Amino acid sequence: MKNITNKIKEPSVASKSGLPPGRLVYIGKETTAPVRITVIDYDADNFAEREVKDLKECFAFKETDTVTWINIDGIHHTDVIDKIGAGFNIHPLFLEDIVNSQQRPKVEEGKRYNFIVFKMLDYNDATKNVEVEQLSLIVGKNYLISFQENIGDIFDTVRNRVRNPDSRIRKYGTDYLAYALMDKVIDNYFVIMEKMGERVEEIEDNAFTKQDTKFIRDISYLRRELVLLRKTIWPLREVINTLLRGEVKEIKPETLLFYRDLYDHTVQVIDSIESYRDSLASVLDVNFSVQSFRMNDVMKVLTIISTIFIPLTFIVGVYGMNFENLPELHWKYGYQLIMLIMAGIAAGMIYYFKKKKWM
Amino acid sequence: MKNITNKIKEPSVASKSGLPPGRLVYIGKETTAPVRITVIDYDADNFAEREVKDLKECFAFKETDTVTWINIDGIHHTDVIDKIGAGFNIHPLFLEDIVNSQQRPKVEEGKRYNFIVFKMLDYNDATKNVEVEQLSLIVGKNYLISFQENIGDIFDTVRNRVRNPDSRIRKYGTDYLAYALMDKVIDNYFVIMEKMGERVEEIEDNAFTKQDTKFIRDISYLRRELVLLRKTIWPLREVINTLLRGEVKEIKPETLLFYRDLYDHTVQVIDSIESYRDSLASVLDVNFSVQSFRMNDVMKVLTIISTIFIPLTFIVGVYGMNFENLPELHWKYGYQLIMLIMAGIAAGMIYYFKKKKWM
Amino acid sequence: MKNITNKIKEPSVASKSGLPPGRLVYIGKETTAPVRITVIDYDADNFAEREVKDLKECFAFKETDTVTWINIDGIHHTDVIDKIGAGFNIHPLFLEDIVNSQQRPKVEEGKRYNFIVFKMLDYNDATKNVEVEQLSLIVGKNYLISFQENIGDIFDTVRNRVRNPDSRIRKYGTDYLAYALMDKVIDNYFVIMEKMGERVEEIEDNAFTKQDTKFIRDISYLRRELVLLRKTIWPLREVINTLLRGEVKEIKPETLLFYRDLYDHTVQVIDSIESYRDSLASVLDVNFSVQSFRMNDVMKVLTIISTIFIPLTFIVGVYGMNFENLPELHWKYGYQLIMLIMAGIAAGMIYYFKKKKWM
Amino acid sequence: MKNITNKIKEPSVASKSGLPPGRLVYIGKETTAPVRITVIDYDADNFAEREVKDLKECFAFKETDTVTWINIDGIHHTDVIDKIGAGFNIHPLFLEDIVNSQQRPKVEEGKRYNFIVFKMLDYNDATKNVEVEQLSLIVGKNYLISFQENIGDIFDTVRNRVRNPDSRIRKYGTDYLAYALMDKVIDNYFVIMEKMGERVEEIEDNAFTKQDTKFIRDISYLRRELVLLRKTIWPLREVINTLLRGEVKEIKPETLLFYRDLYDHTVQVIDSIESYRDSLASVLDVNFSVQSFRMNDVMKVLTIISTIFIPLTFIVGVYGMNFENLPELHWKYGYQLIMLIMAGIAAGMIYYFKKKKWM
Amino acid sequence: MKNITNKIKEPSVASKSGLPPGRLVYIGKETTAPVRITVIDYDADNFAEREVKDLKECFAFKETDTVTWINIDGIHHTDVIDKIGAGFNIHPLFLEDIVNSQQRPKVEEGKRYNFIVFKMLDYNDATKNVEVEQLSLIVGKNYLISFQENIGDIFDTVRNRVRNPDSRIRKYGTDYLAYALMDKVIDNYFVIMEKMGERVEEIEDNAFTKQDTKFIRDISYLRRELVLLRKTIWPLREVINTLLRGEVKEIKPETLLFYRDLYDHTVQVIDSIESYRDSLASVLDVNFSVQSFRMNDVMKVLTIISTIFIPLTFIVGVYGMNFENLPELHWKYGYQLIMLIMAGIAAGMIYYFKKKKWM
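Residue numbers (the numbering used here), protein chains in the order written: chain A, 1 to 359; chain B, 1 to 359; chain C, 1 to 359; chain D, 1 to 359; chain E, 1 to 359.
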C-alpha cells in the first residue's frame, strides 16, 4: 500500500509513455513479494477452498455452474496477469488497467463479464497515514476474479461468511459476491472517516487558541489528505451509479437493492469529506480572525504606551537642555509644576483613549 | 436526541465495520429506555387506539382494509425491529437502516411498501442546541409503521386529527398519513429556522460594533450548526422529489398535491439556510473590514505622535549634550529660539498630515 | 407591504406549526384594513366594472363566456378567501398559500385552473426601502382571480387598457390578462433595478476614496437587499419557464410568445442582480486594497522617521551623559564633529531608503 | 454606440414602465441622426443595390425568389420600424425588442421568419472604451432585414463579397447571409479580445512591481469591462446553440456547419474572457501578497532599529541623570565601560535577529 | 511549437478579421521551414512507406482498400493545404481550422470523414516551458491525414508499430490508427503532468519556509501555466466523449473500448490539473498565514521592548532635568532607589506580558 499523499506525483504513468498500448507494464511501488492465488468454489450446498500454484487449475472453473472466486494478491508479476487474461478471455486494455495501480476507479462492460476498478483505503496507525491499494474485479457469470496489490486480510470476514453454509452469500451469485467485497471496502472508508473526523474535531477545538505555524501545517496536511481521499472516492460514486442504472449486465434485480445501499454509503462518505473540508476552511478563517484580533490588541498597547510617554519624554528632554538662559529651571517649584503638567497630559490622553474605546 | 453538532464524528458507523451486511446493529446513543408500541386503526367510520405489549397483535392488521398506524418509539432493541421486519416482510437492508440512527435521508421501494427515512429536528431551549432524531416510515397499502428513536409527543397533533371523525385524514389512506407525519416534521423545521434567524439577526446587528474573539466564536458555532442542518435537510428534498416523480408506487394522484406542498416547504427551509450562511459569511467580512479600519486609526495616531515628537526629542537631546564648546547654549535667547524652531517643525508636520488626510 | 430586509426572520410561518394542514391562517403583517373586491367583466364587445360587496355576485361569472377579472385587495380576512375558494372550487392547499404572505413563488395546476404566486416589489422613496407584496392568481378558462395584500393602484394601467375597446387585451382571454398583470409587476422590477443600479454606481464611484465604517455599512446593507431581491425574484424564472414548457394548460399558443418575453425580462433582472452583487464584492476588495496601501504609506513614514532619529537620539544621549572622564566633550570641535557625523548617518539612511524605494 | 461601462444603470428600460406592452418606445441614447435604408437584391446571377427613401419600395421584395437584404441604420424613428413591421408581418413584441437597444441577445421563431438579436462591439481607440451597439436580424425565406443603431461601415466587407459574382455568398440563401453578418460581428469580438489581452498582459507584467492605488484602479476598471463583455457575449452562445439544435427553421443543413463554426468562435471568446478574469483575480492576489511582503520588510527594519536602540537610549539616559550620588560617573573608565557594554548588547541583539532570520 | 504562456494574447486571430470566411490564412508563428509529406500505406499483409514530393501521389490512395496515413509536417504553406483539401474533398471551413494554429480542440463530421483537432504538448527541458503544437486529423474510411505544425518525431513509435507486421495496428482500420495517434499525444500529457507535479511538490515543500516575492512569483507562474494547460486539454474531453457517444461515424464498435480508455486518461489528466491548482491555492493561503504569524512575532518583540523601555526612558529623563530644585537628586540613595523602582516596573510589565501570553 502506498501513502495516499505520495500519489500526487504520478511518476510511473509517465514512465510508461512511449510503449505501445496493449503491452502489460506494472505501475506501482517496487515489490518482490510472491503472488498468492486462492480459489473458493461454492454454491448453496458445496464449498471448496484452496491455494493454487498452477494457474491452469483455475481455468477449469470457468464453465462450471458453481460460483468461483479467484483472489490474486500481487499484480507486479505481469506474466501471471497475462496468463489469467488469456485463460478468461479478458480484454488486453483491462489487463493493462489491472496492473496500473494508479487507474482511476471505473466500471467497463467486457464481452461476458464486467470489469470494476476501485480503491481500498487503510489507516496505518503507526505512521498516521492513509494507505491506498487498488482492487480490480472481473465479474463473470459464474466466476469472480479479484486482484489486490498486496497480500491482505481485509476479505477474511467475507471468506468466513462464504464458509458458513447458512449465510445469504451462499444462495446468491457472483453479483452478490462482488457487492460483499465492495461493501467491505466501503465499510473501511467509514473507519478512515472516523479517524479524519477525530482529527478535524481536534483542530476545531484548537481553532481559537492555537496560534502557530505548526497548527497551520496540521490543517494544511489534513486538507491535502482530504483532497486526495475525495479524488480517490469520488469516481466510485459514478461507478456504482452505472451499475445501478443497469447499463451493465449480470446484475440481478434482487441484488440491485444491495448496490443502492452501497451507493448511499459512498454518498455519505463523500458528504463527510466535503463537510470536513468545509470545516477546515472555516477553522483557517476563524484562526486568522482571532490572530488578527490579538495583533490588534498588541498594537493598541504599543500605541497607548508610546503616545503617552513620547510627548512626556520630550518635555523632560526640554528641561534637560543645558541652555544658560532657561528660566523655568530656576523657578522654585518648576520641577513640581512640570510633573503636574505631565500628569495632566497623561490623564488627558488616557481619557481620550477611553473615549475612543482603545482601552 | 443527539445534539446536532456532535454528529460530525460518526464513530458508531465505523464500529460496525467488519460485520456481515444483514445483521442488525443499533447505531446511536446508548439508552436503556423501554420500547413503546402504539397502534391506531381507523377508516372513515371506525377508530381504535391502544398500546400493544405483544408484537403479534400488530401482524393481524397487515391485511385488513382499515388504515393501521403502528408507531414504535425506541430502535435500540434490535430484536423488536427484527420481529416487526419478519412479520411485515421488510427487507433486511431496510431494517439495518432503521436501527442506524445515522442513516442519510432516502426513499426506497420495497416489495409491497415504500421505505422513507428522514430526520426530526428539535430546538432544546435549555441547552440552546438543535437536537436531531431519526424517523423511519414503512408505508404499505393498509398499514404505516413509524420508527422513532425516543418516546416523544411530536405527533400528538396528528393523533388528535385522526381521533376527530370529521378530519380529512380519516378519509384518505396511508399515503396521506405519511404526508401528515412529514408535514409535522417539516413544520418543526420552520421553528428551528426562526430560532436560527433570530441568532443570525442578532449577529448581523453586532457586525459593526463587536470586535472580540467571542463574537467570532459565536459566528463560527452558528455557521457549523447551519452546515449540519443543511446536511440533514438537503437530502429530504431529493426524497420528496422522488415521491413526486411517481417513481415510487402507493401514492395516489389526489395526495400528490400535498407532497408538492411538502417539497415547497423543504425548498424554502433550504433557501433560508443558504441565505443565513451567506449572511454569516458577509458578517465575517464586514467585521474584519471594520476591525481593519480601526487598526488603521490606531496606527495613524501612533504615527502622528511619533513622527512629531521623535525629531523634537532629538533636538532637545542635542542641547542636553555636555560639550564644553556648544555655542548655542550660551546665546541669550537660545532656548526661546529652539522652542520656536520646534514649534515650527511640529506645525509643519501637522500641516503635512492634514494635507495627506491622515488627521 | 413589508420592508424586504425584515423578511429574514420568517417568524409567522413557524407560529403556524402545530395546526393541521388545510386550516386557513393568515401569515403576514397585522392589518385591519377592509377587503375590497372589484370585478371587471369583458370580451371584445362588452365591458362592465363594479365593486362588489356580496361575494355571491362573483360566482355568477364562473360559467359565462366573457373574461371575468376578480381582484381582491386584502388577504387577512380568511373567511372571504374561504368563501371564494368554495365558490370557485379552489383546492384548500392553494387557499393556504394565498393567505401565507411568505409563500415562495410557484405555479401549480389545479383541476380547471392554474395557480400562480409571485411577489410585487415597490421602492418606497420615503424610507429608501424595497417593499414586497404577494400576488396570487387563479387563472381559470373564463375567469381570473387576483389576490393582493393591500389596496394598491399598480394595476390601474392594466384596467385602463381593458376599458379601451380597441386594446389587444380585449381580444385575448384570461391567459393574456394574466400575462398583462405579470408584465406590469416585472416592469416594476426594472424600476427597483434602476434604483439599485444608482446606489451601486454611487458606491463604485467612492470605492477608491471612502475609507470608513459607514461606507462598509452601506455596502453591506445594499448587498443584503440584493440577496433578498434575488431570493424573491429567482423562483419566478422557474415559474414562467414551467408555463413556457407547456406543462400547465390554459395557455394558448398565441400567448406563449408574450410569456417568453416575460421570461426574458426576468432573466435580465436576475442578470442585473448578479452583476450588482459582483460589483459590490469587487468594491469591497478594492476598498480593502486601497486601505491597505494607505496603511502601508503610513507605516513607511513612521519607519523612516523612527529609523533616522532613533540612532541619532541615542548618540546625543551618549554625549548627555555625566561621566567625569568623557574625553570627546572636551574636544574643541567635538560638538561640530558629532553634528556632522549625525548628518552623515541621516544621509546614509535616506540613501538606503531611496534605494529600497521606500521614499 | 454607447460606452459599455455605462450600461450598468439601465435607466431607460425602467422609464418605459407603465406603458402597455405593444407600444413601440425607443430605448437608447438620444440621437437625431437620420435613418438610412439600403437594399441589396441578389441571386447567383443578378445583383442590385440602392438606398431607398420610401419604405414601400422594400415590400415588393418580400415575395421575390431573389435574396433581399434590407439594412436599416437607426432605430430611434419608431414609425419607420412600425411601417417595416406592418409590411413584413413582424410580431409587435419583436418590434419592441428591436427598438430597445438594451435587449438581451436571443433568437425567436416568428411565423415565417426567425428573429435574432445580439450585440456588436467596437473598440474606440480614442477613448480606450469598448462601445456596444445592438444588431437585430429578421431572417425570412427570401429576405433578411438588419437593424443597426447607427450608420456604420462594419458590413462593408460583406457587401463587397455580395457584389462579387463568384463569391460563395451569392450561391447561398438568407441563412448564409445571416451567418456572414454574425461572423463579421464575432470576428470583431476577437479584435476586442486582443486589446483586452494586451491590457491584461500589461497588468500581469506589473503585478510584482506596481504598488499603488492607480494600479488597483486599472485592474478594477478592466475587470468591470470584462464582466460587462461577458454579460453581452454569453447569451449569444445560447442563441447560436438554439440555431444549431435545429429548433428554428429556415437554416439549411449545408449552412449548419458554418453556424457550428460561429459557435466555436463564440465559445473561444468566452473562454478568453474567463481566463482574463481569472488572470486579473490572480494579479490582485499576487499584488496583495507582494505588498504584504514589503510591509513585512518595512516592519522588520523598524523593529530591528527600535529594539536595538531603545534599550541603549535608556542606558545613556541613566548616566545622564543628575543624581549627586551616582558612583559609576566617577569611575575612571566608566564611559568606556558603558560603551563596551552597549556594544555587547547591540551585538547580542543582532545575533538574536540573525538567528530568528529577521535580518 | 509555441511557449504555452504566450498564447494569452491571441493576436493573430484578430489580424484575420476583415477577410471573408473561406480564404485560407495561416495563423501561427512565422516560419520558413519546408513542408514534409510522408505516406504510409498498409494492411495486414502489405506495407509501404515513402516521402512524397508531388501531392498528386497522395490522391491515388484515396480509393484503395488499404489504410493510408498521410502525415504533413508544416501548415504554413497554405497552398499545400489547399491542394490536399481539393484532392480529398475537405470542407473549406475545416481547412481554415487546420491552418489556424489557435483552433479550439473539436471534432466535426464531414461528408465522408471525421475532422479532429487537438493539441500536442511538449516539455522543453532547456527553457522549462510547456510548448504547444496543434494536430489536426482527417479520418476517412481508408485514409487518415495528420497535420502537424512542425517536423517532429513524436509519432515514431507509432510508425514502428505499423512497420511491425505482427502488431495489432496492422489488423485494424483508420479508426484504430487515429486512436494510436491520440493515445501517443495523451501519453505525453502525463509526462507534462509529472513535471508539473514535481514543481507543485517542490512549492508545497517550501510553503512554510519561503517568505519572499520570488516564491509568490513561482507560484503565480506555475498557476498560469496550469490554467493554460487546462484550457488546452479540457475541450479534448468533450471531443472524445462525442466520439464515444457514437455521434460520429467511422468508428467501429471494437475500437470504442480503446477510445473509452483515452477518455479515462484525459479525465485523469484534468483531475490532476485541478488538484494541482487546488494545491497551489492552498499553498498561497498557508504561506500568507505563516507570513502573518511571523509578522505577529515581530510586532510582539517590538511591542515588548518598546513598552518596557519607553516608560523607563521617561523616568531617567526626569532625573536628567536640570531644575535647581529637584529634591530626589540630593537623596543619598536616590540613584539606587530609582534603579530599583525601574527594575520593579520592568518586572511588572514582563509579568503582564507573560500573563497575556505575548512572551
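Quick caveat, the hints were computed from the structure, so don't treat them as lab data.
Being a predicted model, the structure only gives us computed values, none of them experimental.
Hints may contain errors.
One copy or any two copies: either way a pair holds, since identical chains are not told apart in the list.
Derived SDA-like pairs: lysine to any residue, alpha-carbon spacing no greater than 25 Å straight-line [stated by the list, open to error]: (1) K210 <-> F94; (2) K300 <-> D187; (3) K53 <-> Q102; (4) K29 <-> S275; (5) K83 <-> R237; (6) K214 <-> K252; (7) K141 <-> I37.
Now for the hints, and whether the structure bears them out:
1. K210 <-> F94: Result: close neither inside a copy nor across copies, 50 Å intra and 44 Å inter.
2. K300 <-> D187: Neither. Shortest intra-copy (53 Å) and inter-copy (49 Å) distances fail the 25 Å Cα cut-off.
3. K53 <-> Q102: neither (28 Å within a copy, 45 Å between copies)
4. K29 <-> S275: Answer is between: at 22 Å across copies they meet the 25 Å cutoff, but 32 Å inside does not.
5. K83 <-> R237: Classified as neither: same-chain Cα gap 31 Å, cross-chain 33 Å, threshold 25 Å.
6. K214 <-> K252: neither (53 Å within a copy, 57 Å between copies)
7. K141 <-> I37: within (20 Å within a copy, 46 Å between copies)
Checked against the numbered hints listed earlier, the structure breaks hints 1, 2, 3, 5, 6; every other hint is satisfied.
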